[in-house]
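Number of protein chains: 2
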Amino acid sequence: MINGLSGTMMDYQLTLTPIMKRAMQLYPNKEIRTKFGDTMHKVTYAESYRRCGQLAQALKKLGIEDGDRVGTFAWNTYRHHELYFGVPCMGAVVHTLNLRLPADQLIFIINHAEDKVIFVDDTLIKLLEPLAPQLKTVKHYIVMTHGELPETSLPNVHSYEELLAAESGDYGWPEIDENAAAAMCYTSGTTGHPKGVLYSHRAIYLHTMMVSLTDAMGLAEPDILMPVVPMFHAMAWGLVYAGTMVGCTLIYPGPHMQGADLAGLIQDEKITVTAGVPTLWLGLLQVLEAGDYNISSLQRMPVGGSAAPRSMIKAYKEKFGVDILHAWGMTEMTPVGTLSAIKSHMADWSDEAKLDLRAKQGITPPGVEMRIMDVNGEELPWDGEAMGELQVRGPAVTADYYKDERSADSFTEDGWFRTGDVSSIDSEGYMQIVDRTKDLVKSGGEWISTVELENAIMGHEDVMEAAVIAIPHPKWQERPLACVVVSDGADKAQVKAGIYDLLSKEFAKWQLPDDIEFIAEVPKTSVGKFDKKVLRKQYEGYQIAETE
Amino acid sequence: MINGLSGTMMDYQLTLTPIMKRAMQLYPNKEIRTKFGDTMHKVTYAESYRRCGQLAQALKKLGIEDGDRVGTFAWNTYRHHELYFGVPCMGAVVHTLNLRLPADQLIFIINHAEDKVIFVDDTLIKLLEPLAPQLKTVKHYIVMTHGELPETSLPNVHSYEELLAAESGDYGWPEIDENAAAAMCYTSGTTGHPKGVLYSHRAIYLHTMMVSLTDAMGLAEPDILMPVVPMFHAMAWGLVYAGTMVGCTLIYPGPHMQGADLAGLIQDEKITVTAGVPTLWLGLLQVLEAGDYNISSLQRMPVGGSAAPRSMIKAYKEKFGVDILHAWGMTEMTPVGTLSAIKSHMADWSDEAKLDLRAKQGITPPGVEMRIMDVNGEELPWDGEAMGELQVRGPAVTADYYKDERSADSFTEDGWFRTGDVSSIDSEGYMQIVDRTKDLVKSGGEWISTVELENAIMGHEDVMEAAVIAIPHPKWQERPLACVVVSDGADKAQVKAGIYDLLSKEFAKWQLPDDIEFIAEVPKTSVGKFDKKVLRKQYEGYQIAETE
Numbered sequence: 132m133i134n135g136l137s138g139t140m141m142d143y144q145l146t147l148t149p150i151m152k153r154a155m156q157l158y159p160n161k162e163i164r165t166k167f168g169d170t171m172h173k174v175t176y177a178e179s180y181r182r183c184g185q186l187a188q189a190l191k192k193l194g195i196e197d198g199d200r201v202g203t204f205a206w207n208t209y210r211h212h213e214l215y216f217g218v219p220c221m222g223a224v225v226h227t228l229n230l231r232l233p234a235d236q237l238i239f240i241i242n243h244a245e246d247k248v249i250f251v252d253d254t255l256i257k258l259l260e261p262l263a264p265q266l267k268t269v270k271h272y273i274v275m276t277h278g279e280l281p282e283t284s285l286p287n288v289h290s291y292e293e294l295l296a297a298e299s300g301d302y303g304w305p306e307i308d309e310n311a312a313a314a315m316c317y318t319s320g321t322t323g324h325p326k327g328v329l330y331s332h333r334a335i336y337l338h339t340m341m342v343s344l345t346d347a348m349g350l351a352e353p354d355i356l357m358p359v360v361p362m363f364h365a366m367a368w369g370l371v372y373a374g375t376m377v378g379c380t381l382i383y384p385g386p387h388m389q390g391a392d393l394a395g396l397i398q399d400e401k402i403t404v405t406a407g408v409p410t411l412w413l414g415l416l417q418v419l420e421a422g423d424y425n426i427s428s429l430q431r432m433p434v435g436g437s438a439a440p441r442s443m444i445k446a447y448k449e450k451f452g453v454d455i456l457h458a459w460g461m462t463e464m465t466p467v468g469t470l471s472a473i474k475s476h477m478a479d480w481s482d483e484a485k486l487d488l489r490a491k492q493g494i495t496p497p498g499v500e501m502r503i504m505d506v507n508g509e510e511l512p513w514d515g516e517a518m519g520e521l522q523v524r525g526p527a528v529t530a531d532y533y534k535d536e537r538s539a540d541s542f543t544e545d546g547w548f549r550t551g552d553v554s555s556i557d558s559e560g561y562m563q564i565v566d567r568t569k570d571l572v573k574s575g576g577e578w579i580s581t582v583e584l585e586n587a588i589m590g591h592e593d594v595m596e597a598a599v600i601a602i603p604h605p606k607w608q609e610r611p612l613a614c615v616v617v618s619d620g621a622d623k624a625q626v627k628a629g630i631y632d633l634l635s636k637e638f639a640k641w642q643l644p645d646d647i648e649f650i651a652e653v654p655k656t657s658v659g660k661f662d663k664k665v666l667r668k669q670y671e672g673y674q675i676a677e678t679e
Numbered sequence: 132m133i134n135g136l137s138g139t140m141m142d143y144q145l146t147l148t149p150i151m152k153r154a155m156q157l158y159p160n161k162e163i164r165t166k167f168g169d170t171m172h173k174v175t176y177a178e179s180y181r182r183c184g185q186l187a188q189a190l191k192k193l194g195i196e197d198g199d200r201v202g203t204f205a206w207n208t209y210r211h212h213e214l215y216f217g218v219p220c221m222g223a224v225v226h227t228l229n230l231r232l233p234a235d236q237l238i239f240i241i242n243h244a245e246d247k248v249i250f251v252d253d254t255l256i257k258l259l260e261p262l263a264p265q266l267k268t269v270k271h272y273i274v275m276t277h278g279e280l281p282e283t284s285l286p287n288v289h290s291y292e293e294l295l296a297a298e299s300g301d302y303g304w305p306e307i308d309e310n311a312a313a314a315m316c317y318t319s320g321t322t323g324h325p326k327g328v329l330y331s332h333r334a335i336y337l338h339t340m341m342v343s344l345t346d347a348m349g350l351a352e353p354d355i356l357m358p359v360v361p362m363f364h365a366m367a368w369g370l371v372y373a374g375t376m377v378g379c380t381l382i383y384p385g386p387h388m389q390g391a392d393l394a395g396l397i398q399d400e401k402i403t404v405t406a407g408v409p410t411l412w413l414g415l416l417q418v419l420e421a422g423d424y425n426i427s428s429l430q431r432m433p434v435g436g437s438a439a440p441r442s443m444i445k446a447y448k449e450k451f452g453v454d455i456l457h458a459w460g461m462t463e464m465t466p467v468g469t470l471s472a473i474k475s476h477m478a479d480w481s482d483e484a485k486l487d488l489r490a491k492q493g494i495t496p497p498g499v500e501m502r503i504m505d506v507n508g509e510e511l512p513w514d515g516e517a518m519g520e521l522q523v524r525g526p527a528v529t530a531d532y533y534k535d536e537r538s539a540d541s542f543t544e545d546g547w548f549r550t551g552d553v554s555s556i557d558s559e560g561y562m563q564i565v566d567r568t569k570d571l572v573k574s575g576g577e578w579i580s581t582v583e584l585e586n587a588i589m590g591h592e593d594v595m596e597a598a599v600i601a602i603p604h605p606k607w608q609e610r611p612l613a614c615v616v617v618s619d620g621a622d623k624a625q626v627k628a629g630i631y632d633l634l635s636k637e638f639a640k641w642q643l644p645d646d647i648e649f650i651a652e653v654p655k656t657s658v659g660k661f662d663k664k665v666l667r668k669q670y671e672g673y674q675i676a677e678t679e
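Respectively, the protein sequence lines represent chains D and P.
Here the numbering used here is used: position 175 in the first sequence is 306, and no number is missing along the way.
Here the numbering used here is used: position 409 in the second sequence is 540, and no number is missing along the way.
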């Protein structure tokens with residue numbers, strides 16, 4: 132690494148503390164609002180800053196030391212916001228626990244991370260109680276509630292508000308090394324035990340700058356931002372930090388995130404930007420189409436977590452004038468990797484051509500580098516045709532998993548992260564996920580993308596959800612099977628014929644699913660993605676008729 | 132510095148190389164255009180990237196090693212752009228020489244920095260030739276010209292284009308430590324020899340992200356950006372790097388930057404953002420008011436270097452719908468420190484109230500921290516009233532001057548940079564420069580701000596320029612004297628009475644200038660700021676009548 136002459140610049144550490152302080156100093160009266168049932172709770176950035184100080188003081192008293200992991204088991208609320216800042220800025224590590232994981236995975240994660248305390252929403256206590264006897268390192272449980280502490284079997288229980296009330300909030304925030312861990316998250320999309328990532332202050336700081344840029348999420352002080360993506364999922368895509376840094380009004384939806392709840396919040400709070408997974412927005416779309424909501428304030432909607440169907444992007448644009456900003460990322464990337472926006476020279480493209488582009492996962496913001504590699508480790512061209520394993524690097528990409536021997540498999544010798552996604556990249560840098568390496572259907576030496584088939588099938592007006600999986604096949608090795616959820620009252624035989632009609636316009640005959648199964652619901656993972664592991668298990672013995 | 136547990140993130144260095152590569156990969160066909168006389172020269176980002184590679188290869192052949200200083204003596208052109216990237220990305224340091232400095236200062240700077248080579252525009256050779264015999268370290272002069280090498284007395288002369296033409300451009304860009312120096316600039320606003328600042332790759336990278344943010348300069352791919360601020364002045368305020376990172380079309384004005392040149396470029400190139408010092412825009416304003424230009428493409432205009440008169444901000448807004456984004460910075464800050472934009476809750480303020488706010492220097496973008504201190508080193512409140520020395524810190528602020536013993540005076544014990552400006556900060560974080568510490572008039576134990584007087588005087592319709600200086604006074608220690616330039620044909624007696632009328636509405640009697648002197652022009656420094664040193668010298672013996 133070259134350094135012939137050092138710069139004369141300050142050795143200023145990139146931490147979350149100046150981000151928290153900035154909102155307090157420059158936007159003291161702007162609000163963080165949280166929906167609890169029928170009421171909107173409001174706290175200003177100046178008040179939130181003081182509460183973060185109180186939280187830090189309380190954590191000190193509970194014996195939390197530098198680098199200790201502090202678990203959170205909570206919805207998107209202003210208290211979770213305080214944990215996002217107060218914990219890392221006092222030198223500890225905020226560890227967000229995914230409350231949708233099965234008990235055995237949660238127990239593994241908490242023990243593996245050695246969480247010393249867990250902050251839990253009152254409404255989630257019942258989920259946590261059965262786990263507590265097996266949690267080896269947790270010394271205290273702090274319950275976040277407006278009222279009295281509820282009855283609970285949890286040991287060493289404290290009230291969040293009482294702990295804070297006992298402190299002044301005049302806290303001397305420490306100087307922190309930018310490479311120190313600020314936050315922790317486990318990724319559960321893998322086989323075997325979940326794997327942990329420790330986000331450094333530096334990584335989050337840089338990710339915060341990056342996603343805020345005009346051509347990324349374009350966050351600015353006038354925005355009214357609602358992170359619907361859970362704060363227990365991949366750091367809520369960085370929206371908590373970015374929204375605070377630029378001084379947005381922040382709206383947290385609390386525990387209720389059904390379509391009608393969200394439509395009401397967008398209308399009443401005049402939300403300009405909101406973000407979450409496609410499933411949520413498909414639900415919202417139905418509510419909006421059926422009901423009478425005014426969502427004219429809404430400008431942009433970053434959507435990620437799984438591929439956003441082209442038909443959904445089109446419906447939001449045509450019916451509601453909302454630009455869905457298709458995004459892709461991974462827990463390992465803090466998490467944003469790409470965003471798909473139209474470039475200026477494409478302004479006069481046809482609507483359909485623009486839609487094709489928006490349906491891609493997009494281009495990297497500054498701070499992410501990507502490449503696609505063939506099976507021999509040779510770099511592939513950016514021609515929109517070549518498909519290879521997507522690899523990334525950057526200051527907000529993990530280089531390791533926390534205390535996990537499987538790490539080595541995930542990184543190349545020259546230090547890039549292997550995403551496990553198969554992608555193509557076009558000549559202007561737009562990346563398109565073809566599939567997860569493990570989800571591709573390998574048929575007769577060729578690859579069939581299940582994602583492309585699903586997107587096409589979901590374009591059928593009577594299809595609610597579609598998941599395509601590989602079924603073992605004696606001759607072709609694997610063949611695709613489509614599992615489809617139809618809307619109430621639809622004629623399945625007609626839908627089936629309609630789907631094959633649709634598909635045959637876009638795909639070669641050998642790429643078509645061998646059959647279509649109608650199911651009640653596609654099983655989902657804890658973060659709302661299609662859980663193909665479950666589907667594959669379900670159809671383990673499925674017999675596909677031998678075709679020619 | 133706390134680090135109880137390190138993050139697992141990549142040790143990815145923040146350098147200019149990924150910024151340069153990003154434009155080549157994502158915006159290969161977008162253009163960098165330069166005005167040379169009657170022609171617009173065009174080069175794409177993809178071509179520019181290759182030329183940067185050729186430049187790096189040529190520098191290697193000339194013997195340039197890691198950390199070596201490479202001088203530039205040039206206008207804003209695509210070749211200067213190549214030097215901004217090619218030199219630091221190959222591991223050397225691009226040292227921009229201010230061609231408006233007097234010969235003795237230039238000689239001092241080049242020898243002090245130990246520049247090994249100097250790149251010079253053909254039109255500037257005659258300025259450089261007389262210096263060459265005294266330049267001790269310069270081994271080669273590379274002339275940037277479209278045609279044949281001109282006759283010159285410079286030794287070891289090469290043609291820029293010939294050097295590049297001899298190389299392939301397939302350059303293996305090295306891994307560079309983010310703390311390595313990328314660029315160098317001397318600040319000449321001080322007494323004694325100029326002082327040098329070495330910008331690290333990291334500082335520039337972070338500054339680039341910071342100024343691009345929506346609430347800062349809001350740069351985005353669709354922007355057509357013209358940096359009028361010279362590339363030999365404070366890294367052209369970061370616009371070269373920011374414009375490239377986000378993929379703007381870049382327009383370089385070349386050597387001609389008079390009002391009519393700029394008006395023509397804004398109209399013909401449909402420029403959306405341009406930036407420079409107030410003097411330039413006062414000149415442009417006259418041209419626009421007199422002529423028939425269509426500048427409707429222009430959206431934003433960051434203006435800094437010295438205070439932008441309120442009347443100018445008003446004129447651009449009312450007559451042309453252009454938002455002047457008042458900015459403040461210093462060579463020591465890479466250089467942006469604050470920008471003055473309206474916050475959303477101010478949207479329904481009166482035009483006059485908004486103008487008052489825009490006339491302040493503004494709020495810090497993320498990455499800059501500021502405070503004001505009294506003479507005893509106590510921090511002053513942000514109440515819009517208290518005035519104290521402005522101090523700053525951040526990852527893009529210098530901690531030192533290059534090989535200069537005077538450094539210590541410029542930094543506090545706790546590591547903040549003392550700007551030498553006296554400022555107030557209001558409760559929402561808007562900073563207003565009251566004066567340079569050394570320019571304040573100290574009258575009878577009170578301070579009088581020369582900047583505030585100047586701004587008020589320049590509000591008079593017949594006043595072109597106004598500079599207020601302190602004159603020694605037997606009783607009051609110092610008293611203000613106003614030096615005013617009026618427009619052709621104005622009646623000086625009437626103007627004088629008018630100015631006093633204006634001032635008495637805003638200022639107390641003891642704050643008014645004791646006299647008004649009419650002059651032909653305010654002397655300027657090499658970067659276009661009012662040179663009060665010269666004025667003070669001119670009025671050294673000035674007698675102020677003893678007032679009560």
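Careful, some of the hints might be misleading.
Straight-line Cα separation of at most 25 Å, PhoX-like style, residue types lysine-lysine; simulated pairs [stated by the list, open to error]:
no.: 1; chain 1: P; residue 1: K450; chain 2: D; residue 2: K474
no.: 2; chain 1: D; residue 1: K448; chain 2: D; residue 2: K485
no.: 3; chain 1: P; residue 1: K668; chain 2: P; residue 2: K627
no.: 4; chain 1: P; residue 1: K445; chain 2: D; residue 2: K401
no.: 5; chain 1: D; residue 1: K640; chain 2: D; residue 2: K573
no.: 6; chain 1: P; residue 1: K636; chain 2: P; residue 2: K445
no.: 7; chain 1: D; residue 1: K640; chain 2: D; residue 2: K660
no.: 8; chain 1: P; residue 1: K474; chain 2: P; residue 2: K534
no.: 9; chain 1: D; residue 1: K534; chain 2: D; residue 2: K270
no.: 10; chain 1: P; residue 1: K474; chain 2: D; residue 2: K173
no.: 11; chain 1: D; residue 1: K474; chain 2: P; residue 2: K401
no.: 12; chain 1: D; residue 1: K152; chain 2: P; residue 2: K474
no.: 13; chain 1: P; residue 1: K636; chain 2: P; residue 2: K668
no.: 14; chain 1: P; residue 1: K448; chain 2: D; residue 2: K474
no.: 15; chain 1: P; residue 1: K448; chain 2: P; residue 2: K660
no.: 16; chain 1: D; residue 1: K152; chain 2: D; residue 2: K192
no.: 17; chain 1: D; residue 1: K573; chain 2: D; residue 2: K534
no.: 18; chain 1: P; residue 1: K664; chain 2: P; residue 2: K569
FRET-style restraints, in silico, Cβ to Cβ [to be verified]:
no.: 19; chain 1: P; residue 1: E509; chain 2: D; residue 2: N242; range: 48 to 54 Å
no.: 20; chain 1: D; residue 1: N287; chain 2: P; residue 2: E509; range: 41 to 47 Å
no.: 21; chain 1: P; residue 1: P264; chain 2: D; residue 2: M132; range: 35 to 41 Å
no.: 22; chain 1: D; residue 1: D505; chain 2: P; residue 2: K270; range: 54 to 60 Å
A few chain D residues that face chain P, going by a derived Cβ cut-off under 10 Å, partial list only [unchecked claim]:
no.: 23; residue: D308
no.: 24; residue: M376
no.: 25; residue: P386
Just so you know, these hints were derived from the structure itself, not from any lab.
Keep in mind that this is a model prediction, so the values were computed, not measured.
Ideal Cβ placement from N, Cα and C applies to all residues, glycine included.
Hints, one by one, checked against the model:
1. P:K450 / D:K474: Judged against 25 Å, a Cα distance of about 31 Å means the pair is violated.
2. D:K448 / D:K485: Holds, because 11 Å separates the two Cα atoms, which is no more than 25 Å.
3. P:K668 / P:K627: holds, 23 Å
4. P:K445 / D:K401: Since the Cα atoms of P:K445 and D:K401 sit roughly 31 Å apart, the hinted pair is violated (cutoff 25 Å).
5. D:K640 / D:K573: Roughly 15 Å separates the two Cα atoms, so the pair holds.
6. P:K636 / P:K445: holds, 19 Å
7. D:K640 / D:K660: Answer violated: D:K640 to D:K660 is near 28 Å, above 25 Å.
8. P:K474 / P:K534: violated, 42 Å
9. D:K534 / D:K270: holds, 22 Å
10. P:K474 / D:K173: The given pair, whose Cα atoms are some 20 Å apart, holds under the 25 Å limit.
11. D:K474 / P:K401: holds, 17 Å
12. D:K152 / P:K474: holds, 18 Å
13. P:K636 / P:K668: violated, 31 Å
14. P:K448 / D:K474: violated, 29 Å
15. P:K448 / P:K660: holds, 23 Å
16. D:K152 / D:K192: The given pair, whose Cα atoms are some 23 Å apart, holds under the 25 Å limit.
17. D:K573 / D:K534: Distance of about 33 Å is beyond 25 Å: violated.
18. P:K664 / P:K569: holds, 10 Å
19. P:E509 / D:N242: 48 to 54 Å: holds, 50 Å
20. D:N287 / P:E509: 41 to 47 Å: holds, 44 Å
21. P:P264 / D:M132: 35 to 41 Å: Hint holds: Cβ distance 39 Å, inside 35 to 41 Å.
22. D:D505 / P:K270: 54 to 60 Å: Violated: the Cβ-Cβ distance is about 46 Å, outside 54 to 60 Å.
23. D308: The hint holds - D:D308 has a Cβ within 10 Å of chain P, the shortest such distance being about 4 Å.
24. M376: holds, 5 Å
25. P386: Interface hint status for D:P386: violated (29 Å vs cutoff 10 Å).
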